[in-house]
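K.L.:
Residue numbers (the working numbering), protein chains in the order written: chain P, 1360 to 1796; chain Y, 43 to 454.
If you're looking for bench data, these hints aren't it; they were derived computationally from the structure.
Below, computed lysine to any residue pairings styled on SDA-like, alpha-carbon distance capped at 25 Å:
no. : chain 1 : residue 1 : chain 2 : residue 2
1   : P       : K1581     : Y       : S144
2   : Y       : K158      : P       : L1425
3   : P       : K1581     : Y       : P112
4   : Y       : K56       : P       : L1779
5   : Y       : K56       : P       : V1787
6   : P       : K1637     : Y       : S165
7   : Y       : K56       : P       : L1381
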Amino acid sequence: MFAYYLGLALRSLRRNPILTGLMVLAIGLGIGASMTMITVLHVMTDDPLPGRSAHLYTPHLDPLPLDYASSGGPDPSDNLTWPDAMALLRAKRAAHQAAMAGGTMLVRPAQAGLQPFYAAGRYATADIFGMFGMRFEYGGGWSEADDADAAHVAVLSDTMARKLFGRADAVGLAAHLGSGDYRVIGVIADWAPAPQFYADNTGSQYSDADTFFLPLSVAVDKDLPVNGNQSGWGKDEQAQSSMRGAAMSWLQFWVQLDTSAQVAAYRQYLVDYSAQQKALGRFERPPTNATLYGLMAWLTHQNLVPNDVQLQLWLALGFLFVCMLNIVALLLAKFLRRSGEISVRRALGARRRDIFVQLGVESALIGVAGGTSGLAIAQLGLWSVRHRPDDYARLAQMDPVMLAGTFALAVFASVLAGLLPAWRACRVTPALQLKAQ
Amino acid sequence: MQLRPILSTLRRHKLTASLLVLQVAFTCAIVCNVVFMVVQRIERVSVPSGIAEAELSIIHSSGFAGDDNPQARQATDLAALRAIRGVRSAVAVSSALPLSRSDSSYGICPDAASMKRAMQQRSPAGTGCLQPSMYNGTAGLIETFGLRLVAGRDFTPDDYVIGDAHKPPVVIVTRALAQRLYPGQNPLGKSIYLDNAMIRVVGVVDRLLRPSLRTPAVDGDSMIWPQKPDRPFVTYVLRSAPEDRARILREGRAALLAASPNRLVNPERMEPYTEMRARFFQRDTTMIGLLVAAVLGLLFVTALGIAGLANFWVQQRARSIGIRRAIGATRGDILRYFQTENFLIVGGGIVLGTLLAFGFDLALMTQYELPRLPWFYLPIGALMLWLLGQLAVLGPALRAAAVPPVVATRSV
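Please model the complete structure; the sequences and the hints are all you need to start from.
P.N.:
Written as structure tokens, this is what we have:
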């Protein structure tokens, strides 16, 4: 029976190929536009570190004075000050903990004939490699003693090692970064979570991966350039611009907490620490302002999805809705025009259900065709998004799940759109229509 | 034209007609709001910067070694750049250019009293103090940028300070900043307060946009300091005829590297100024393209719906059209019948769409802080949809008018 209905549907659609084509195009446009935007949004809200993200947390303190008025810029309490970060680090209340900040440095390759270039990297404390699960290809990270001594050591990414030395095994060689020489002690496999959840949110979090890592203490000692927001609120200018100052926040801090008991304990520790600082007169705001964000919650808090992308999504969904209305109206008119044919079939003994299934098959056929063209249009849309210079654009790829989702959405949408017309048409009364003939 | 028969036919096709009305309503509401967004974005990307955009080229240079003497380096560099054929003038600036995103802003106050109030409440709000952006550079900046000095004087060689260790003695402000600092007064000779320094206003330029945009009300708040850059990294701005820019950039890089090879002149960080401006508005231009594509797509789909439906109806009613023709209706009558029917359907959609448009606008205003949709977008949108409807229905209506009366006598 199904094959017969399929044949009927094909014949009916072929009777008016232009209109059928336009219906398929309309549903394809709607599906294509909305899938493009949903894919972009999906990519932007994706888990940057699957498997580890559930155990990573970022603590936040509120060291701002009571009367601090925001001038609309980034919130200074998004980052930590040097004394606070060092206190949390020394307390070692979490399984892993590290403080970090981004930096861009001029890199001079050792190989002759290569131009110097700027590269993005990170200043961090020793535990960052273990906490984020970076894999070492050669050598290893530095120790806490190196942190304390501000040792001139560096860990490079695979790409950077090859670029600088022409080979990945660069352990023991010297890398020229900025105006200093650093002994390479480890090379990690390229590591580029997207978005860069651990970076300061005023920088661009979908841009270049980190290619070098230096001990944070070296950056502070040598006053290396730091990317991202550095907010000071001290009264004298000296304290504001000092990286070690207690009145300037610029550090990101992450901890790994494996059980919910650890999370609760850490949260309590943050409040206790804030209360202690308040008692010392350093903090002025309530200690309960201290919070602990999980990785995904932190991304939501930072509102990483630009308003433009959200607006585009709404627009695409509105567009899909109008396309659906269009298909419903057209199918309804098309089915009702065949009232005569339907009433003859009804009079010959077809049940309402048979008519319903027959017409349902026809709308599903349009849905499959529309879904296929929608998929093609979405690929075209994503291709054009990838060619935009926006920083998130190059991530816009459709994975198999999204691909299957698109197709399911298309068929679901047009079958849904076909239901109302099919239901309306199967209620055609046989006798009346025959009489009218 | 009799409306009665049209209305009674529509009543028989209630479901189909109301679906079309709904489609037109959504199209109308979305199109009105989206067109408004497009207009706003176009206004944003066409904001004038006040500088001779088409004549400027930019080259970044960063020295490697710390032992270099930046002042001597700059002087040699500028001489080498000015020697290039076609370069009319050249200056070195720290990094700030309009729309360069490299913004240093300072809290300044028009007088001592407001400074004191701002210090007490730790915020400039309500004190008359402002946060303008600062531009600096070597002598000749006004001329090279192509700024228009509307009052006062340009800097003299004595005015200049080197690096940011000391504040300069004098400043040139934009007209917008002058009006906001000293409303209704002559800004020349007044002193602005900055931390513990007093800086005398000696000149006013017509317009100079900030390096990064905030809100239109404060985007023109800029000031120029007679301050020479004193870091190993510096940005050279060259003014030339627009057609010379590519060659000047090429030759400029070569000249800088010839003057001192001990530096980085990254080819990716030298460009005509217009490219920097285009990059600043990249997201907006992308968005404009997307929004326009969405509007066109929506109108296309709606026109398709109208034409498709009319097409079905014409086929369905072929016999009754024949009868009408047989009993004396002219082709014009049939044509007008379908046109009126379409007018009514689209009209219904527009009424509903107007309400929807305001609903959407309200949601956008609260969610994305967009301004209110001006009322005149709605009549324009309505007119556009009516026109679109008439265009879409014309084909099927003409086909209907062509149905010969003899169809009435045939059985289907």
